[in-house]
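FYI, in the numbering used here the residues of the sequence shown are 16 to 277.
Simulated from the structure, these hints should not be mistaken for lab results. Misleading hints may appear alongside valid ones.
What the hints assert, rightly or not - Straight line, CA to CA, 16 Å or less: simulated EDC-like cross-link-like pairs of lysine to aspartate or glutamate:
#, residue 1, residue 2
1, Lys212, Asp90
2, Lys191, Asp154
3, Lys212, Asp86
4, Lys191, Asp107
Stated by the list, open to error - Restraint ranges, calculated between C-beta atoms of paired labels, are given here:
#, residue 1, residue 2, range
5, Asp90, Thr55, 23 to 33 Å
6, Asp211, Thr256, 26 to 36 Å
7, Ala231, Asp117, 30 to 40 Å
Beta carbons are placed, not taken as given, at the ideal position from N, Cα and C, and that holds for glycine.
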Amino acid sequence: MPLFIGGVGLMGPGLSGWPGSLPVLQGRIPYQPQPVATPTPALLAAGERRRATAAAKLVLQVGEEALSDNDIDVDHLLCVFASASGELSIVDNLCRTLCSDDRALSPTQFHNSVHNASAGYWSIATGSGGASVSLSAFDDTFAAGLLEAAVTARTERVPVLFVACDLPAPEPLRAKRPLVDPFAVALLLLPQNSADKYPSLSVQTETVRSSESTLADAALERLRRSNPAARCLPLIQAIATGSAAPVRIGAASMPIRASVAR
(Lines of atoms letter the chains of each structure in order from A and count residues from 1; the text may use other names and numbers.)
(Lines give C-alpha, C1' and ligand atoms only; values in the text may rest on other atoms or scores of the structure.)
Protein backbone atom coordinates (compact mmCIF):
# COMPACT_ATOMS: atom_id res chain seq x y z
CA MET A 1 0.00 0.00 0.00
CA PRO A 2 1.73 3.24 -1.10
CA LEU A 3 1.91 6.50 0.77
CA PHE A 4 1.79 9.95 -0.78
CA ILE A 5 4.17 12.90 -0.50
CA GLY A 6 2.06 15.90 0.43
CA GLY A 7 4.91 18.35 0.80
CA VAL A 8 8.68 18.79 0.99
CA GLY A 9 10.81 21.19 2.99
CA LEU A 10 14.52 21.58 2.30
CA MET A 11 17.43 23.65 3.54
CA GLY A 12 21.12 23.09 3.01
CA PRO A 13 24.15 24.71 1.38
CA GLY A 14 22.96 26.01 -1.98
CA LEU A 15 19.50 24.49 -1.41
CA SER A 16 17.28 27.13 0.14
CA GLY A 17 13.70 25.91 0.12
CA TRP A 18 11.97 23.34 -2.07
CA PRO A 19 10.87 25.55 -5.01
CA GLY A 20 14.23 27.29 -5.20
CA SER A 21 16.08 23.96 -5.14
CA LEU A 22 14.13 22.31 -7.97
CA PRO A 23 16.27 23.72 -10.84
CA VAL A 24 19.39 22.28 -9.17
CA LEU A 25 17.84 18.92 -8.35
CA GLN A 26 16.43 18.62 -11.87
CA GLY A 27 19.84 19.39 -13.39
CA ARG A 28 18.69 22.58 -15.10
CA ILE A 29 21.32 24.72 -13.37
CA PRO A 30 24.64 23.68 -11.78
CA TYR A 31 24.77 23.14 -8.05
CA GLN A 32 26.74 25.85 -6.24
CA PRO A 33 27.18 25.44 -2.47
CA GLN A 34 26.36 28.53 -0.44
CA PRO A 35 26.51 29.11 3.33
CA VAL A 36 23.33 28.22 5.21
CA ALA A 37 21.88 31.16 7.11
CA THR A 38 20.09 30.31 10.35
CA PRO A 39 16.40 30.92 9.60
CA THR A 40 13.96 32.94 11.68
CA PRO A 41 10.86 30.74 11.81
CA ALA A 42 7.65 32.75 11.79
CA LEU A 43 5.98 30.01 13.85
CA LEU A 44 8.01 30.84 16.96
CA ALA A 45 7.18 33.73 19.25
CA ALA A 46 10.04 36.14 19.87
CA GLY A 47 10.80 34.80 23.36
CA GLU A 48 10.97 31.19 22.23
CA ARG A 49 12.96 32.20 19.15
CA ARG A 50 15.70 33.62 21.37
CA ARG A 51 15.93 30.36 23.31
CA ALA A 52 15.61 28.02 20.35
CA THR A 53 18.64 26.18 19.03
CA ALA A 54 19.94 26.37 15.47
CA ALA A 55 18.66 22.84 14.87
CA ALA A 56 15.19 23.68 16.18
CA LYS A 57 15.01 26.70 13.87
CA LEU A 58 15.98 24.59 10.86
CA VAL A 59 13.44 21.92 11.83
CA LEU A 60 10.68 24.49 12.15
CA GLN A 61 11.61 26.11 8.84
CA VAL A 62 11.51 22.93 6.75
CA GLY A 63 8.57 21.50 8.67
CA GLU A 64 6.49 24.60 8.01
CA GLU A 65 7.46 24.50 4.33
CA ALA A 66 6.39 20.86 4.00
CA LEU A 67 2.95 21.74 5.40
CA SER A 68 2.50 24.98 3.48
CA ASP A 69 0.37 23.56 0.65
CA ASN A 70 -1.86 21.42 2.85
CA ASP A 71 -4.73 22.13 5.19
CA ILE A 72 -3.43 19.77 7.86
CA ASP A 73 -4.83 19.75 11.38
CA VAL A 74 -1.60 19.96 13.36
CA ASP A 75 -3.45 19.00 16.54
CA HIS A 76 -3.57 15.42 15.25
CA LEU A 77 -0.40 15.43 13.15
CA LEU A 78 2.07 12.74 14.18
CA CYS A 79 5.75 13.63 13.84
CA VAL A 80 9.07 11.84 13.50
CA PHE A 81 12.22 13.87 14.18
CA ALA A 82 15.58 12.36 13.27
CA SER A 83 19.08 13.60 14.04
CA ALA A 84 22.27 11.56 13.98
CA SER A 85 24.20 13.72 16.43
CA GLY A 86 21.82 16.26 17.91
CA GLU A 87 23.13 19.63 19.07
CA LEU A 88 26.85 18.91 19.39
CA SER A 89 27.63 22.59 19.94
CA ILE A 90 25.52 22.48 23.11
CA VAL A 91 27.20 19.25 24.22
CA ASP A 92 30.56 20.97 23.73
CA ASN A 93 29.43 24.02 25.70
CA LEU A 94 28.11 21.93 28.60
CA CYS A 95 31.29 19.86 28.76
CA ARG A 96 33.48 22.97 28.76
CA THR A 97 31.37 24.50 31.53
CA LEU A 98 31.67 21.36 33.68
CA CYS A 99 35.45 21.48 33.23
CA SER A 100 35.68 25.15 34.24
CA ASP A 101 35.96 26.73 37.69
CA ASP A 102 32.35 27.90 37.44
CA ARG A 103 30.47 24.66 36.82
CA ALA A 104 27.00 26.22 36.86
CA LEU A 105 25.13 25.05 33.78
CA SER A 106 22.74 27.31 31.94
CA PRO A 107 19.17 25.98 32.41
CA THR A 108 18.36 26.94 28.83
CA GLN A 109 21.42 25.13 27.51
CA PHE A 110 20.58 22.10 29.62
CA HIS A 111 16.99 21.75 28.41
CA ASN A 112 18.14 22.35 24.82
CA SER A 113 20.63 19.48 25.11
CA VAL A 114 18.02 16.70 25.10
CA HIS A 115 17.50 14.82 21.84
CA ASN A 116 13.82 15.75 21.57
CA ALA A 117 14.33 19.50 22.02
CA SER A 118 13.27 20.17 18.41
CA ALA A 119 10.09 18.17 18.98
CA GLY A 120 9.35 20.36 21.98
CA TYR A 121 9.84 23.58 20.04
CA TRP A 122 7.63 22.23 17.24
CA SER A 123 4.88 21.47 19.74
CA ILE A 124 5.18 24.92 21.31
CA ALA A 125 5.26 26.74 17.96
CA THR A 126 2.33 24.90 16.36
CA GLY A 127 0.27 24.10 19.44
CA SER A 128 0.29 20.49 18.35
CA GLY A 129 -0.67 17.83 20.85
CA GLY A 130 0.10 14.97 18.49
CA ALA A 131 2.57 12.28 19.46
CA SER A 132 6.15 12.48 18.21
CA VAL A 133 9.21 10.25 18.04
CA SER A 134 12.80 11.51 18.17
CA LEU A 135 15.41 9.03 16.99
CA SER A 136 19.02 8.58 15.96
CA ALA A 137 20.84 5.87 14.00
CA PHE A 138 24.24 7.40 13.20
CA ASP A 139 24.76 7.63 9.42
CA ASP A 140 21.55 5.66 8.77
CA THR A 141 19.42 8.17 10.67
CA PHE A 142 17.51 9.35 7.59
CA ALA A 143 16.69 5.77 6.62
CA ALA A 144 15.56 4.93 10.16
CA GLY A 145 13.40 8.04 10.37
CA LEU A 146 11.83 7.49 6.96
CA LEU A 147 10.99 3.89 7.85
CA GLU A 148 9.48 4.94 11.19
CA ALA A 149 7.39 7.67 9.53
CA ALA A 150 6.22 5.37 6.72
CA VAL A 151 5.21 2.59 9.11
CA THR A 152 3.38 5.08 11.34
CA ALA A 153 1.48 6.68 8.45
CA ARG A 154 0.53 3.29 7.06
CA THR A 155 -0.58 1.66 10.31
CA GLU A 156 -2.26 4.68 11.91
CA ARG A 157 -3.73 5.95 8.61
CA VAL A 158 -2.96 9.55 9.52
CA PRO A 159 -0.59 12.20 8.09
CA VAL A 160 2.95 12.06 9.46
CA LEU A 161 5.56 14.81 9.29
CA PHE A 162 9.11 13.46 9.06
CA VAL A 163 12.02 15.85 9.64
CA ALA A 164 15.74 15.03 9.58
CA CYS A 165 18.37 17.58 10.58
CA ASP A 166 22.07 17.62 11.44
CA LEU A 167 24.56 20.42 12.03
CA PRO A 168 28.37 20.65 12.11
CA ALA A 169 30.15 20.09 15.41
CA PRO A 170 32.75 22.42 16.92
CA GLU A 171 36.29 21.25 17.59
CA PRO A 172 37.40 18.94 19.10
CA LEU A 173 34.20 16.99 18.39
CA ARG A 174 34.46 17.76 14.68
CA ALA A 175 37.66 15.72 14.44
CA LYS A 176 35.65 12.63 15.40
CA ARG A 177 32.36 13.61 13.75
CA PRO A 178 33.30 15.67 10.67
CA LEU A 179 29.91 17.00 9.60
CA VAL A 180 30.52 19.85 7.16
CA ASP A 181 27.34 21.89 6.65
CA PRO A 182 23.90 22.24 8.24
CA PHE A 183 21.19 20.30 6.45
CA ALA A 184 17.49 19.74 7.11
CA VAL A 185 14.71 18.04 5.15
CA ALA A 186 11.02 17.46 5.82
CA LEU A 187 8.51 15.14 4.15
CA LEU A 188 4.78 15.17 4.77
CA LEU A 189 3.56 11.59 4.30
CA LEU A 190 -0.13 11.09 3.61
CA PRO A 191 -2.05 7.80 3.77
CA GLN A 192 -4.48 8.97 1.08
CA ASN A 193 -4.30 11.02 -2.12
CA SER A 194 -7.74 12.59 -2.01
CA ALA A 195 -6.83 15.39 -4.42
CA ASP A 196 -5.10 12.95 -6.81
CA LYS A 197 -2.19 15.36 -7.15
CA TYR A 198 0.58 13.93 -4.98
CA PRO A 199 3.36 11.54 -5.99
CA SER A 200 3.26 8.16 -4.30
CA LEU A 201 6.07 6.77 -2.17
CA SER A 202 6.85 3.12 -1.57
CA VAL A 203 9.27 2.20 1.23
CA GLN A 204 10.50 -1.35 1.78
CA THR A 205 13.20 -2.91 3.91
CA GLU A 206 15.84 -5.05 2.22
CA THR A 207 17.30 -8.21 3.69
CA VAL A 208 20.53 -7.97 1.72
CA ARG A 209 22.87 -5.03 2.13
CA SER A 210 23.65 -3.13 -1.02
CA SER A 211 25.38 0.10 -1.93
CA GLU A 212 23.51 3.32 -1.27
CA SER A 213 22.27 5.29 -4.25
CA THR A 214 24.62 8.10 -5.23
CA LEU A 215 24.31 11.32 -7.21
CA ALA A 216 25.80 12.03 -10.63
CA ASP A 217 26.67 15.61 -9.67
CA ALA A 218 30.00 15.40 -7.82
CA ALA A 219 29.32 18.42 -5.60
CA LEU A 220 25.87 17.14 -4.59
CA GLU A 221 27.38 13.73 -3.90
CA ARG A 222 29.95 15.32 -1.58
CA LEU A 223 27.08 17.03 0.24
CA ARG A 224 25.20 13.73 0.49
CA ARG A 225 28.18 12.06 2.11
CA SER A 226 29.00 14.97 4.42
CA ASN A 227 25.83 15.00 6.53
CA PRO A 228 23.56 12.12 7.65
CA ALA A 229 20.41 14.17 6.93
CA ALA A 230 21.68 14.78 3.39
CA ARG A 231 21.52 11.04 2.71
CA CYS A 232 18.00 11.96 1.59
CA LEU A 233 19.27 13.61 -1.59
CA PRO A 234 18.82 10.69 -4.03
CA LEU A 235 15.20 10.34 -2.88
CA ILE A 236 14.63 14.10 -2.94
CA GLN A 237 16.05 14.24 -6.46
CA ALA A 238 13.71 11.42 -7.52
CA ILE A 239 10.76 13.43 -6.17
CA ALA A 240 11.98 16.53 -8.03
CA THR A 241 12.48 14.75 -11.35
CA GLY A 242 9.65 12.24 -11.14
CA SER A 243 12.07 9.35 -11.55
CA ALA A 244 10.57 5.96 -10.69
CA ALA A 245 13.96 4.27 -10.32
CA PRO A 246 14.35 2.69 -6.85
CA VAL A 247 16.54 4.59 -4.40
CA ARG A 248 18.59 2.71 -1.81
CA ILE A 249 19.26 4.38 1.52
CA GLY A 250 20.83 3.25 4.76
CA ALA A 251 23.13 0.56 3.43
CA ALA A 252 25.33 0.41 6.54
CA SER A 253 22.87 -1.13 9.00
CA MET A 254 19.31 -0.44 7.87
CA PRO A 255 18.98 -0.93 4.10
CA ILE A 256 15.71 0.29 2.65
CA ARG A 257 14.47 0.81 -0.89
CA ALA A 258 12.25 3.74 -1.75
CA SER A 259 10.58 4.57 -5.04
CA VAL A 260 8.44 7.45 -6.25
CA ALA A 261 5.65 7.36 -8.83
CA ARG A 262 3.44 10.03 -10.33
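Checklist entry - Ala231 and Asp117, beta-carbon distance inside 30 to 40 Å? => result Given range 30 to 40 Å: violated, Cβ gap about 52 Å.
Item to check | Proposed proximity, Asp154 with Lys191 (alpha carbon, max 16 Å) | outcome: holds, 13 Å
Checklist entry - Taking 23 to 33 Å as the hint, is the beta-carbon distance of Asp90 and Thr55 inside that range? => result This hint holds: roughly 25 Å between Cβ atoms.
Item to check | Hinted pair Lys212 and Asp86, Cα distance within 16 Å | outcome: It holds: about 14 Å lies between the C-alpha atoms, which stays within 16 Å.
Next on the checklist: Within 26 to 36 Å: is that where the Cβ-Cβ distance between Asp211 and Thr256 falls?
Outcome noted: Given about 20 Å between the Cβ atoms, the range is violated.
Checklist entry - Is the hinted pair Lys212 and Asp90 satisfied, with a Cα-Cα distance of at most 16 Å? => result Outside the cut-off at roughly 24 Å; violated.
Checklist entry - Are the Cα positions of Lys191 and Asp107 separated by 16 Å at most? => result holds, 13 Å
Consistency note: the structure conflicts with the earlier hints numbered 1, 6 and 7.
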